[in-house]
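Asker: For chain A, the structure is supplied; the task is to place chain B on it using the hints.
Protein chains in written order, with this note's numbering: chain A, 28 to 382; chain B, 2 to 167.
Worth flagging that the hints you see were computed from the coordinates, not collected in a lab.
Worth double-checking, as some hints may not be accurate.
[As the list claims (entries may be wrong)] Subject to a maximum C-alpha distance of 25 Å in a straight line, what follows is the list of computed DSS-like cross-link-like pairs (lysine-lysine):
id: 1; chain 1: B; residue 1: K55; chain 2: A; residue 2: K242
id: 2; chain 1: A; residue 1: K253; chain 2: A; residue 2: K203
id: 3; chain 1: A; residue 1: K119; chain 2: A; residue 2: K300
id: 4; chain 1: A; residue 1: K341; chain 2: A; residue 2: K300
id: 5; chain 1: B; residue 1: K127; chain 2: A; residue 2: K162
id: 6; chain 1: A; residue 1: K203; chain 2: B; residue 2: K55
id: 7; chain 1: A; residue 1: K137; chain 2: B; residue 2: K90
id: 8; chain 1: A; residue 1: K71; chain 2: A; residue 2: K137
id: 9; chain 1: A; residue 1: K341; chain 2: A; residue 2: K313
id: 10; chain 1: A; residue 1: K253; chain 2: B; residue 2: K44
id: 11; chain 1: A; residue 1: K136; chain 2: B; residue 2: K127
id: 12; chain 1: A; residue 1: K300; chain 2: A; residue 2: K203
id: 13; chain 1: A; residue 1: K239; chain 2: B; residue 2: K55
id: 14; chain 1: A; residue 1: K239; chain 2: A; residue 2: K215
id: 15; chain 1: A; residue 1: K253; chain 2: B; residue 2: K55
id: 16; chain 1: A; residue 1: K367; chain 2: A; residue 2: K253
All of these numbers come straight from a predicted model, not from anything done at the bench.
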Amino acid sequence: MAQTAELSNPWTLLEQKLKTFNRLMTTKAPIGQTPKELIWTLNKARLYRYIPVVPAEERYPIPLILIFALMNRPTILDLRPGHSFVEYMVSKGYDVYLLDWGAPGPEDKKLKFDDYALDYMPRAIRKMKAVSGAKEFSMLGWCIGAILTTIYASLRSDDGLRNLLLLTAPLDFSNKQELTFARWTDEKYFDIDRVLATFGNMPGEMIDYGAKALKPIENYITNYCKLWDSLDDPRVVEAWHSMNTWVTDIFPMAGGAYRQLIVDLYRNNRLIKGELKIRGEVVDLKRLRANLLTVIAEGDHITPSCQSEAILPKVGSTDTELYRVPGGHIGIMAGSGAQKQTWPHIESWLRARSL
Amino acid sequence: MSSEPAKAFVPIQVYALCARKTGSDMAAEKNAKAVDPFEAFRKMRDTYLEGMSKVMIDAVNTEEYAQATGALLNNYLTLSAPFREALDKAMIMSLEQFSLPSRQQVAALAERFTNLEMRLDDLDAKLDRIVALSSGARTATAGVSNDGKRARPEDGKSGKPAGRKQ
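Chain A on its own, in the form it takes in the complex (with noise of 0.2 Å):
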């Protein structure tokens, strides 16, 4: 009766309500909590493959191998027991690998997408096989990862890729009026010779501004309103908790990759006209012949749907499938909806293919 009495007193509703904020603010949720085991390193970059709970006969053959953006952690895919892709893959029998490329050091400034797909992929990819004992595999790329899987898959394309997924894919730049981040990077406004001559990598900080400023509004003030009317949700709480810890944690990209996504990608588009060389060798998406799944978030912002769709004719695969989901670019992955619709239709276009 007394708690009853506390509870309904404003004043004490404020206070937790303003404890919890505080904690939310100020402390980091426990993410990526899917038990694991490292098998590879190579500089920062960690292959992990996720310890099986489905026993060795009633798993698939094929072992699928994650690999995220450059310059998050890959632990979105991971984000919290319950609400996670990986969990969920490892249940459905799947044997998962995950490539995390780690936070690169002023040491790594020259790293380019030349380096992540024909130096780190490879041998991450051998190792993975050698531990599976599977010749054939499948690989699954989000945002920048799905550049450097599509780089990848196309020069490399007798190397056993079986499946490809790619998740909000930026390959096509020539909608320039879609994109703001083409209209901000434009050689015009923007010296990226000047700011790599700074900084050596492109600060974490400047990239995660540039990813929220494009909805100030919503990123800046709505996501702390919203999680204010729903303080008294423990739900709700755990889930923006996790979230925040994951958007918070931001490290640089290695200076010679971004140089390339601005200048070979978002300026002169060079993946999609078959102009993109990587280390002398130009990447022909027509040698790309794995299955093919590309994931669509329709309320995307950072990847419209534009640039992700042209590559499915301009691929060599003659299995291919464009799937759209509602929801934004980490949303569709990571979003309350993400359990009931983008990961069973992966799973079940995988299941289909892994056998």
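Answerer: Just chain B, lined up with the frame of chain A:
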């Protein structure tokens, strides 16, 4: 005689309980809604933020915004350059005085470490291939010696390295 009233009583009791519960819940909800003085404010706030959001999204998507942010960044880089250069020079001199390596020297060392790691990875790959080939050859030899029948080769799996649990 005794079962009839019970038959009549049960549904009435259930209805009464439900009605009481539903009624009290509705009343509580009504009260909660009535005493929330911030509901109108929240609605007004949300409407305002929604409108502002659209305005701001349009604003950041203009050439003027791109030009302004570009100019801001350029000015920052220009203004901070002399300080950064002076700081860098002072830092290099201080580190030399203390016989400590500079940032560039540490970065160069890290690059060499990465190259070494790559060499080790190449060796690891070669070893894996050698192990796979030799175990394949051994199996084949053993298979042939068993009554001239060839045994099934192993599945090519290499030994799983001891992983570190995270």
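Asker: Check each numbered hint against the structure and report the violated ones by number, ascending.
Answerer: Hints 2, 3, 11 not satisfied by this model.
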